[in-house]
Amino acid sequence: MTLLQQWVALKTIVVKEFMRFIRIWIQTVIPAAIMTMLYFVIIGKLIGSRLGTMHGIPYVDYIAPGLVLMAIINNSYGNVVASFFSAKFQRHIEEMLISPMPNYLIVLGFVIGGLLRGSVVGLVTGVVAAFFVNVHIYHFLIVVLVATLTSVLFSLGGLLNAVFAKTFDDISIVPTFVLTPLTYLGGIFYSVDILSDFWRTLSLANPVLYMINAMRYGMLGVSDINISIAFTIIIVFVIGLYGYAVYLLRYGVGMRQ
Amino acid sequence: MTLALAIQGLRKTYPSGVEALKGVDLSVEEGDFFALLGPNGAGKSTVIGIVCSLLRKTTGAVSVFGYNIDRDIARAKSCIGLVPQEFNFNQFEPIVEIVTNQAGYYGIDRHTADQRAEKYLTQLQLWERRFDMARELSGGMKRRLMIARALVHEPRLLILDEPTAGVDIEIRRSMWEFLRTINAQGTTVILTTHYLEEAENLCKHIAIINNGLTIASSELKTLLMKLHVETFLLNIKQPLTTVPQISGFTLSLVDDSTLAVNITKDQNMNDLFQELAARRIDVLSMRNKTNRLEEMFMRLVDRGEL
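Protein chains in written order, with our numbering: chain A, 1 to 257; chain B, 1001 to 1306.
For reference, chain A alone in the conformation it holds in the complex:
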């Protein structure tokens, strides 16, 4: 395929993926906004007002970066895992597999789809957050970079889950038993500095911690960890998972016998 043909093919997947979640925006965009609003009202305002500050920042402001990133993570992951597994289940993934499209383009198309959903949801939850918090973005570029890279990373995660999944149960097990605990234990609602040494050290093994702290640094200027380490970890994960996803598609794992 020429570069122009590859561009057309990529655009086709991206537009298809975008239209897929926009058509059902009530199911795909609104729930995240409602969940975020509830977190701000209950944990941020009602409980948070009694907790005082964290790193010298009002509690409701402190949790805002994590809540926005959690919405991005869940929606990027959910978009790709549902879309790709559905394509596998209904076998219309074969439409792409029989075409001359290279595998890296198929992966890229689905990931951009997840990124778009993550971005739309991130914007919506950001707007919701603006009603509850008084945050002046500390470093806009870092916020955009962290949100984008995290969205890409979890879109890839969703794709890998879908590749290996054989049943609908398989695509709910990982989000329930892996993704949710990692996200909640990744420091959305607290600083790891308040933990004992053992739990603090254990928390450092959680990659989501680095993303949330990087986001918090971009929005508030505070972080429990070094921002360079956070970016390095995110980028290494993105490259590693992208390469693995392309490898799996090339060898047809979960799709071609």
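You may find that some hints are simply not true.
25 Å max Cα-Cα, derived PhoX-like pairs, lysine-lysine [claimed, not checked]:
#1 A:K16 with B:K1119
#2 B:K1265 with B:K1289
#3 A:K88 with A:K166
#4 B:K1289 with B:K1237
#5 B:K1142 with B:K1119
#6 B:K1119 with A:K11
#7 B:K1221 with B:K1204
#8 B:K1289 with B:K1221
#9 A:K11 with A:K88
#10 B:K1142 with A:K88
#11 A:K16 with A:K166
#12 A:K16 with B:K1142
Note that these hints are calculated values from the structure, not bench results.
With chain A fixed as given, assemble chain B onto it according to the hints.
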């Protein structure tokens, strides 16, 4: 002449250990209308799956218009349009989008894709339903949708895996006509089917696969000429209670007004009719007991004859 499809020594063993193909060889010439026949589980769909890169081969060589699928898979794929046996489109997507998206995957710009979608959906009588969700279509319409989708990038080789399965006679015949037109315009067509009448009507060449091996591959006429014996059913005017004895012919009674007779290639039907007339047996009509291809297929697959 470049072969549209060349397969040599194709073998496929599934991870379960099932050996689906044990050495299939096929040659399909450009412009041909080719039938791939075989009983259920013979390996036809496995062959097609490998050619279209939906399955991985174990060993062997496959080339599409000279492009080897191991070395030049993208070019080989560009030449192929596939109509699979099972419905494999998004049931919740509008028909026209299924077709235009498929064009997009082949790098065809949106304007051209829209034009071709209109052309093929119109030819297959689906244009009026273009905004309907795929799940709202009848079985026959879904099959036609898959044909439109397979043609939208205008492939040089169209592969149809049982395209008329479960389709009523009227639609089946209109699909035959459409496929004949596509073939006449230069597209090579490979068809698998259980309707042997379909293969006999449409195809110039056939190959028969059984137990993962090619057991016959030649021009249809040549294969049919190898049939030594055909069975005809004669509908007679006066009911019979006993089988007439005619020297050189083997007759049997199907019921009191139907005679079955085996005719070899060396025998003359006129001789039979003269003998029957001499016995005052009037023949009202005559037909083949089975169609010729079916007869040949059964002999090859069941009895290994010919």
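Here is how each hint holds up against the structure:
A distance of roughly 22 Å separates the Cα atoms of A:K16 and B:K1119; the hinted pair therefore holds under the 25 Å criterion. At most 25 Å may separate the alpha-carbon atoms for a hinted pair to count; B:K1265 and B:K1289 meet this at roughly 16 Å. About 9 Å separates the Cα atoms of A:K88 and A:K166, which keeps this hinted pair within 25 Å; it holds. Among the hinted pairs, B:K1289 with B:K1237 is consistent with the structure: their alpha-carbon atoms are about 19 Å apart, no more than 25 Å.
Under the criterion of a C-alpha separation no larger than 25 Å, the hint pairing B:K1142 with B:K1119 is consistent with the structure, at around 17 Å. Straight-line distance between C-alpha atoms of B:K1119 and A:K11 comes to about 23 Å, which keeps the hinted pair within the 25 Å bound. At most 25 Å may separate the alpha-carbon atoms for a hinted pair to count; B:K1221 and B:K1204 meet this at roughly 8 Å. Between B:K1289 and B:K1221 the alpha-carbon distance is near 19 Å, which keeps this suggested pair within the 25 Å criterion.
For a cut-off of 25 Å, the pair hint linking A:K11 to A:K88 stands: about 20 Å separates their Cα positions. Taking the CA atoms of B:K1142 and A:K88, the gap is about 19 Å. The hint holds against a cut of 25 Å. At roughly 24 Å between alpha-carbon atoms, A:K16 and A:K166 fall within 25 Å of each other, so this suggested pair holds. Distance check on the hinted pair: A:K16 and B:K1142 sit about 21 Å apart at the alpha-carbon level, within 25 Å; holds.
In this structure, every one of the numbered hints holds.
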